[in-house]
Amino acid sequence: MRILFVHQNFPAQFKFLAPALAKDTNNQVVALTMAAQPTQHWQGVQIVRYGAKRQSTPNIHPWVVDMETKVIRGEAAYYAAQQLKKSGFEPDIIIAHCGWGESLFLKDVWPTAKLAIYSEFYYHAQGADVGFDPEFPAVMADECRIRVKNANNLLHFEVADAGISPTYWQASTFPARFRNKISVIHDGIDTQAIQPNAQIVMSFKQGDTELSFSRQDEVITFVARNLEPYRGYHIFMRALPEILKQRPQAKVLIIGADGVSYGKAAPQGQTWKNIFLNEVKEQLDMSQVFFLGQVPYPQFIALLQLSRVHIYLTYPYVLSWSLLEAMSAGCAIVASNTAPLKEAIIDEETGLLVDFFDRQGLTQ
1 MRILFVHQNF
11 PAQFKFLAPA
21 LAKDTNNQVV
31 ALTMAAQPTQ
41 HWQGVQIVRY
51 GAKRQSTPNI
61 HPWVVDMETK
71 VIRGEAAYYA
81 AQQLKKSGFE
91 PDIIIAHCGW
101 GESLFLKDVW
111 PTAKLAIYSE
121 FYYHAQGADV
131 GFDPEFPAVM
141 ADECRIRVKN
151 ANNLLHFEVA
161 DAGISPTYWQ
171 ASTFPARFRN
181 KISVIHDGID
191 TQAIQPNAQI
201 VMSFKQGDTE
211 LSFSRQDEVI
221 TFVARNLEPY
231 RGYHIFMRAL
241 PEILKQRPQA
251 KVLIIGADGV
261 SYGKAAPQGQ
271 TWKNIFLNEV
281 KEQLDMSQVF
291 FLGQVPYPQF
301 IALLQLSRVH
311 IYLTYPYVLS
321 WSLLEAMSAG
331 CAIVASNTAP
341 LKEAIIDEET
351 GLLVDFFDRQ
361 GLTQ
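The working numbering puts the first residue of the sequence shown at 1, with every later residue one more than the last.
For the record, the hints were derived by calculation from the structure and aren't laboratory data.
Just so we're clear, the structure is a prediction, and the values are computed from it rather than from any experiment.
Even glycine gets a Cβ: it sits at the ideal position worked out from N, Cα and C.
Careful: at least some of the hints might be erroneous.
Claimed, not checked - Cβ pair distances, simulated, as ranges: (1) Gln46 / Pro137: 45 to 51 Å; (2) Pro137 / Asp358: 42 to 48 Å; (3) Val280 / Ala36: 37 to 43 Å; (4) Lys342 / Glu210: 39 to 45 Å; (5) Lys281 / Asn26: 56 to 62 Å.
What the hints assert, rightly or not - Here are the simulated lysine to aspartate or glutamate pairs, DMTMM-like style, with alpha carbons at most 20 Å apart: (6) Lys181 / Asp92; (7) Lys281 / Glu242; (8) Lys85 / Glu75; (9) Lys264 / Asp129; (10) Lys205 / Asp217; (11) Lys342 / Glu143.
Construct the entire structure; sequences and hints are all you get.
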């Protein structure tokens, strides 16, 4: 079978599926991506890179900025696919993350191929992430912008043969007329590679002092790709003084960058990280708090193995791998009771769920 994966940052969600399929010598597996790769092959997968042919249009209408970027990527992937076709590659199946628009026009290149799209999220002006947090309310015309943003999802489902969602809740965000196409299949967690490690020891620098921690220490972790409201960073930071008051021996390791993955950027010249740190800094003993930034994946897993308690908060939005990786590493979990967390955690069995906005509940 000939299988084409499409993801601008491959392998991403396909890091287990693609090599598993490539192990079968009856399969030819190719990946189309924008990501720089050190070789033309990865775990049996042939890597084909493509690049955008143009930049976004300056001063374009703000409601169509997002859609234009998807068309630009879709165009670039279309021409790369035409070159693949000329080389003789004819996929039986295309498995694509549709979120960046790359797979918009692949059925025009290979009309008989079956197209399965990774259906991560269908945007809503109410009932999901937008408007969830009263501190960051929706603004006028958000519903219009979101309707246009969903054009990419709609165009994909017009031609897709199947959809794949990682959780039932994420699948449920899509219109009812599409759900019969969607199968719920999580990306997977390597539970053999990510296991508890009672012997783990790690050292960190705080100023000129180097401190060493083990599983005997009270280590609390908080992880987000970027430290921002969507992942509850503001709620966590406001709860932190009381947490450390109750656990004066605890050390808090915060992993995440200063940018924005979801939602609105911080006011110009500022970062959400510093805004909410500065709000509570005078109430904290900063010798107990370590901001580690983004860390290499092996170090990240070691941090989870070190952690005694992992705190995960999120708006009703896509579920992070980091939560499931923390569970696999053996952390005790305290998390918000937002969807889709209720699928991942059984309250008081595999973790403790608290109201996203309940700082007192979080500290307890």
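Now for the hints, and whether the structure bears them out:
1. Gln46 / Pro137: 45 to 51 Å: 47 Å, holds
2. Pro137 / Asp358: 42 to 48 Å: 19 Å, violated
3. Val280 / Ala36: 37 to 43 Å: Because 39 Å falls inside the window, the suggested range holds.
4. Lys342 / Glu210: 39 to 45 Å: 41 Å, holds
5. Lys281 / Asn26: 56 to 62 Å: For Asn26 against Lys281, whose Cβ atoms are near 59 Å apart, the range 56 to 62 Å holds.
6. Lys181 / Asp92: 18 Å, holds
7. Lys281 / Glu242: Answer holds: Lys281 to Glu242 is near 12 Å, not above 20 Å.
8. Lys85 / Glu75: 15 Å, holds
9. Lys264 / Asp129: 12 Å, holds
10. Lys205 / Asp217: Cα-Cα ~16 Å, so holds.
11. Lys342 / Glu143: The hint is violated at about 27 Å.
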